[in-house]
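**Student:** Here is how the chains run, residue by residue.
Number of protein chains: 2
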Amino acid sequence: MTQEAISITKATTKKEKPASDQLVFGRTFTDHMFILDYEEEKGWFDPRIVPYQPISLDPATMVLHYGQTVFEGMKAYLTDQGDVNLFRPEKNMERLNRSNERMCIPSIDEEFALEAIKQLVKVDKDWIPSAPGTSLYIRPFIISTQPYLGVAPSKRYKFMVILSPVGAYYKEGINPIKIAVENEFVRAVKGGTGEAKTAGNYASSLKAQKTVAEKGYAQVLWLDGLEKKYVEEVGSMNVFFKIDGEIVTPELNGSILEGVTRNSVLQLLKYWNIPVSQRKISIEEVYQAYKAGKLEEAFGSGTAAVISPIGQLAWKDETVTINNGKTGEIAKRLYDTLTGIQYGVKEDPFNWISKLD
Amino acid sequence: MTQEAISITKATTKKEKPASDQLVFGRTFTDHMFILDYEEEKGWFDPRIVPYQPISLDPATMVLHYGQTVFEGMKAYLTDQGDVNLFRPEKNMERLNRSNERMCIPSIDEEFALEAIKQLVKVDKDWIPSAPGTSLYIRPFIISTQPYLGVAPSKRYKFMVILSPVGAYYKEGINPIKIAVENEFVRAVKGGTGEAKTAGNYASSLKAQKTVAEKGYAQVLWLDGLEKKYVEEVGSMNVFFKIDGEIVTPELNGSILEGVTRNSVLQLLKYWNIPVSQRKISIEEVYQAYKAGKLEEAFGSGTAAVISPIGQLAWKDETVTINNGKTGEIAKRLYDTLTGIQYGVKEDPFNWISKLD
Ligand SMILES: Cc1ncc(COP(=O)(O)O)c(C=O)c1O
Ligand SMILES: Cc1ncc(COP(=O)(O)O)c(C=O)c1O
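Protein chains in written order, with my numbering: chain A, 1 to 357; chain B, 1 to 357.
A couple of the hints might just be wrong.
Unchecked claim - Under the rule of at most 25 Å between Cα atoms (straight-line distance), these lysine-lysine pairs were calculated in the DSS-like manner:
hint, chain 1, residue 1, chain 2, residue 2
1, A, Lys42, B, Lys207
2, A, Lys178, A, Lys228
3, B, Lys229, A, Lys280
Said to hold, decoys possible - Ranges of calculated distance between the beta carbons of each label pair, as one might list FRET restraints:
hint, chain 1, residue 1, chain 2, residue 2, range
4, B, Gly150, A, Asp80, 28 to 34 Å
5, B, Val50, A, Glu16, 29 to 35 Å
6, B, Asp244, A, Glu284, 39 to 45 Å
Unchecked claim - Part of the chain A face toward chain B, derived, beta carbon under 10 Å:
hint, residue
7, Ala60
8, Leu64
9, Thr69
10, Leu149
11, Asn183
12, Lys210
Hints in this document: simulated from the structure, not taken from any laboratory.
C-beta atoms are modelled at their ideal positions from N, C-alpha and C, and glycine is treated no differently.
Next comes chain A alone, as it looks inside the complex (with noise of 0.2 Å):
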């Protein structure tokens, strides 16, 4: 199957494109998008490329009732050259099939699959936007489509990509936010689906999202499941402390999903000699590193926001103020080095961008 060509439907009618200042995230989408389709019988076939379209579900299809389904997240970046970027997507595609592992989907072919994202982002590239942070969000994702209402995995599926641009996540530059730890409702435990990127541990995350949303909290600070005494994630962000000289972040442990930014953090720190480590830190060993006046900077990690400052974290009664609620110097470094060169404005001594030719 993957040596199947990709056909491409051209669109016959263009939408109109929203102006750069006035995107939001995850809400516009492009004229066209990819299709790949499975069935047991066959294997993954038939990749496609068409005009961006509804598709037509049985009310019985399987991920509307027992959510199967896995997703990506990954961006195009246009540089000032008129290059078309792409982020180290390889390991999207390799995170995308550890997720379908986990969920019982049947794995994809990760070359071909960056392929069709290659040709699609082509097909679509006047709809990435060139203002000055702004870049076009890429969605690959598998659901399941056979129309069976028996608890057991699919037989059939739909890995499909679609394109949104995005504006600027900054717009008034790099900016602290404030954070919640939440005590009652957990995100993903050892043994379940944290480390996959599936609806459920979204869905599940909303209800806590909401909670601390309305206290105006940016984001949640995940404890861990079992003890709820030790961090795990910042939204849908890893997270990252520095005390007393030190960046600390929480090691791997099954519920934690591995970003690519983490991931990309990690090996820019080393590179630069900061001393860094991954490992258990609970919430308790943060807020003494504060009280002994040593917790430095906090800040997230992902996809749409790059690099997240945390500026203040509320912890039961207790409001931890970091770095006076401003950035911190690594966080911008990072953010600088990372957009640098996610915009070809940097060097990239890892080889982390993939051109479009």
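The hints should help you fit chain B with the ligands onto chain A, whose structure is shown.
**Tutor:** Just chain B with the ligands, lined up with the frame of chain A:
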């Protein structure tokens, strides 16, 4: 909105109905379905019964990415007198709203939803099979339908009901199953979504189910996600043990789904003056009871099987055989009583049956 009359559009062609002995759970659907829409500004609106048909969804529809969805499962039974019985349907509507609450989905009017279900079943009444043990499975579900890639509660939903004729669960009489204790994977954890009937719980169960099925076991016995010590559920059923004359079932703890059948079993046992308790029960305790010759019965409870006796249980290297692999007396009595009430051949002391008029 709940005052709105339900519009009915009849199918112009009818599908062929499968023979009673050819019915496979959840594969065939009737001629009609019910739909009710929700938009933030309008609330729930436009209740309608229409021909069973595919729905058209934008590829960015939230349910496909973030799994914000809930469902229910119940049955309609045809009696020898030609009556159509529903079994405690108001309990399913209550649970649907509890699931909605956890998943940040707007609540539905329970009475109205039940009325819609009854009207739909009436329209497709000739689909209810009449052979012994057969029934019409009813699947109400709600999906988030806003096309938006942000992780947030959707602003649009569809509540739908579809119907599927199902064959007898036990083709050759009630029959004990072999199950295996799951020591690695976790279905749900306190603070998560285990007590809601939502897609992610089922997606996360697939891998364990697949693993034990390959070893010849019918179901997974789930342990708690925190200590992997206490019994929670068996497959998609609640679980009961008879130890030294007393029936024990795990107490509701936030990660167990509260089954309508479980609740009915508890009421019947009390009515019969059989000692019963809801409490934590460890797998070690079950094993020790077995060693001491005091593990007298074990069974699962759920809408699909009603009562599913457990004849054998594998735990690590141990094989626990229960009641010589035969159906226990209490399991049998519960099964006969519950199905007797459902099919209108036994007295209904608790008024559990809602007849369609
Ligand atoms: C739960 C979760 N954690 C972390 C991340 C960060 O991953 P990445 O850096 O690959 O975007 C994401 C978002 O992609 C996420 O959804
Ligand atoms: C996870 C789970 N537990 C228990 C049950 C049993 O619930 P009920 O008796 O309401 O069918 C079900 C099935 O409905 C279920 O999905």
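**Student:** All hints, please: hold or fail.
**Tutor:** Do the hints match the structure? See the list:
Simply put, Lys42(A) and Lys207(B) have alpha-carbon atoms about 22 Å apart, close enough for the 25 Å limit, and the pair holds. Restraint check for Lys178(A) and Lys228(A): the C-alpha separation of about 20 Å stays at or below 25 Å, so the hint holds. Taking the CA atoms of Lys229(B) and Lys280(A), the gap is near 23 Å; set against the 25 Å cutoff, the hint holds. Distance hint check for Gly150(B) and Asp80(A): the Cβ-Cβ separation is about 29 Å, which falls inside the suggested range of 28 to 34 Å.
For Val50(B) paired with Glu16(A), a C-beta distance near 33 Å keeps the hint of 29 to 35 Å intact. Hint check: Asp244(B) to Glu284(A), Cβ distance near 44 Å, so the stated range 39 to 45 Å holds. Annotation: interface hint on Ala60(A) holds; nearest CB of chain B at approximately 6 Å, less than 10 Å. Restraint check, Leu64(A) versus chain B: the minimum CB separation of about 5 Å is within 10 Å; hint holds.
Annotation: Thr69(A) was flagged as interfacial toward chain B, and the flag holds, the nearest CB pair being 6 Å apart, inside 10 Å. About 3 Å separates the beta-carbon of Leu149(A) from the nearest beta-carbon of chain B, less than 10 Å, and the hint is met. With its C-beta approaching chain B no nearer than about 9 Å, Asn183(A) sits inside the 10 Å limit, and its interface hint holds. Of the supplied interface hints, the one on Lys210(A) holds, with its beta-carbon coming within about 6 Å of a beta-carbon of chain B, less than 10 Å.
Taken one by one, the earlier hints all hold for this structure without exception.
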